[in-house]
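Trainee: Please take these sequences and the hints and turn them into a complete structure.
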Amino acid sequence: MKTKFDFSRIMKSKITWAVIAELMILLVCLIIRPEFFQISYQESTGMLYGSLIDILNRSSEITIIALGMTLVIALAGTDLSVGALVALSGAMALKLMRWDMSEFPTAGDYSITPMFWVILVALGICALFGSFNGLMIARFGMQPIIATLVLMVAGRGVAQIITNGRQMTTNFAAFKFISQGSVLFLPMPIIITVVIFILMSLLTRKTAFGMFVESVGINPNASRVSGLRSSLIIFTAYLITGLLSGVSGLIYASRIGQNDSNNAGINYELDAILAVVIGGTSMSGGKFSLTGTVIGSIIIRTIITFVYYFGVAAEATMVFRALIVVVVIVLQSEPVREFMGKRRTMRKVAMGGELHG
Amino acid sequence: MADKRIRIKRQSLTNRIFNPKHVMVYATIGVFLLIYLFGALMYGDKGFTTIRTFLNMFIDNAYFGISAVGMTMVLITGGIDLSVAAVASLTGMFIAYGNSVLGMDPFLCIAIAMVVGVGLGALMGAMIHYLNVPPFITTLAGMFLARGACSLISRESIAINNAAFDALAGWKIYIMKLVDGEWVKVKPIAFVNFNVMLFLAMILIGAYLLKSTRLGRNVYAIGGNEQSAKLMFLPVAKTKIFVYAFNGFCSVLMGVSYALYVKSGWNLALQGGELEVIASAVIGGTLLTGGVGNMLGTLFGVMLKSIIPALITFAGNLLSWWGKIATGLLLLLFIGIQRIVVTYSARRKGSCR
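Going line by line, the protein sequences match chains A and B.
For the first sequence, the working numbering assigns the number 1 to the initial residue and increments by one for each residue that follows.
For the second sequence, the working numbering assigns the number 1001 to the initial residue and increments by one for each residue that follows.
Hint data in this document are derived by calculation from the structure and do not stem from the laboratory.
Label-pair distances were calculated between CB atoms; the ranges are:
(1) S226/A with T1213/B: 43 to 51 Å
(2) L1037/B with V330/A: 48 to 56 Å
(3) L1041/B with S284/A: 42 to 50 Å
Here a beta-carbon is modelled for each residue, glycine too, at the ideal position from N, C-alpha and C.
Mentor: So, in structure tokens, the structure goes:
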């Protein structure tokens, strides 16, 4: 069967609006300053440079978290603890590298613990806390917002206890590589993001897991009755989000070369949720789109980069972000989309065309 | 002739007291008393039991409490508002910038902030209702907008120097006691300031609105089941918009009270405050699913959240980040109790059927 190019279906799709929004912003950039799109290659670091690369690079922290958050939101939940877990993972990594700072008081290219363990323990503790969230929500049926609020409040406290309230700095080359290294001419964070995106896509589209998530998100009880283990699926989603927050925390800590329990990952939960929603996943659960989420996250970063690049006061980003959010959510909201859909079908009827469902 | 009017029989007293709806409030009050008792036993000799310590807990947290009144109502309708702290911060900026830079009267600035805050609240309420956008995202946008506006006004902290404003901030009622027919201040000196009075007044207004007005009934009805409320021809749209506008009003008052407390405006003031406010409402027994909650619970929720920093100050050797962990554990305890209560009452309802 030949599939027809259905314009109205594309217009109704939520991702379309996100892509259009992104292209509009880029178009404005192009009109104001064409050199925004310049990409140059630097021999010394073997990396590509340019605003576009920078957008992808800097958006990676949010994108990685948002990929996990997509599953959580598709299950009609929210995870507010991701920001705290970003701080926690950084604190754990720095603690393992510097320990109590008595042997090596100055920061340098060394680590007390092997790199392997640094990454493993930091990710492990985040996965552990993620599974704590999952346990409370899946096993004890607590409300996601409030269950994850516990860790959001307590997580930063735990991070400070791990490092005893200190800020530690490191110049350990292997750790710095996470954010400053490059593979295939691209900065490492982009590579990590792409790898995680591919893994998540495989998990959700090549196995039944993705379908299970959508099913549980649409109706947990019906899914349970038809033989799905809802609680296990919910648990896994929170576990994955915790783990991915840990990855994001390592990238962040590596970027700034230190741990910062108070400011690391602040407002990440909001940005991640925003990215998912702009990407077209509804907060009431159900169908999700990982591609949409990546686009959403890139939109957020594009706005920030745009504002920095054109020398607008850095604080104005917030206002821009608010405006973009309002525009996107209004366009995506049910009444508006219904209205658009109705108008199009009405025109079709008027032209004597057939109606397709 | 027998009286034909149908007499609605009041539930018996024990039934009313042990209503599962109230268990949360009892739990909050009980835990507060327990922690207070613990503090009194451990640090009684250091002055934990004085009126001053007790009132200081109010003075240091009154602004959170004011916002918690509006937040409780929003949560009862089944919504959430993340913009409160940002709107409060914006109010502070209005007062500080208007007074110190533009030379306006601070009370005029408060009036302008009131219009902006209530307007933003009503707008968000309308968007939530008519466009069917999740409250979380709508109010998140409101938060970004308010924070952004703060930062556009000024990126630095501005002090407020105004005689009338200072007078209001310094206004105190001292707690007196009768000694030999003469009123003297209690030692150590304890007092109640404008913020505390405002907080208590707002709690009373909130309790009145929820308990004794048609509006309050509608709020509970919408939180219980919005679909049913619509079918009963309750004014869902009006009520929802009012609740968000009222919450905007409370946020502005929170900003005024915070400005009185610190006497300055700062674009990053009260960052993360919205979650503190939500946490105090939840500790006070408000369910995030909507339909359950009351002002007495919120009052004790705020007090319970403020007693922890007080205890940590008295302990002296404990570091402040234990406060975060303690708050987290407290939240965990309360949502645990909530869970048990909800399951229990669902089972009871089930058996009646």
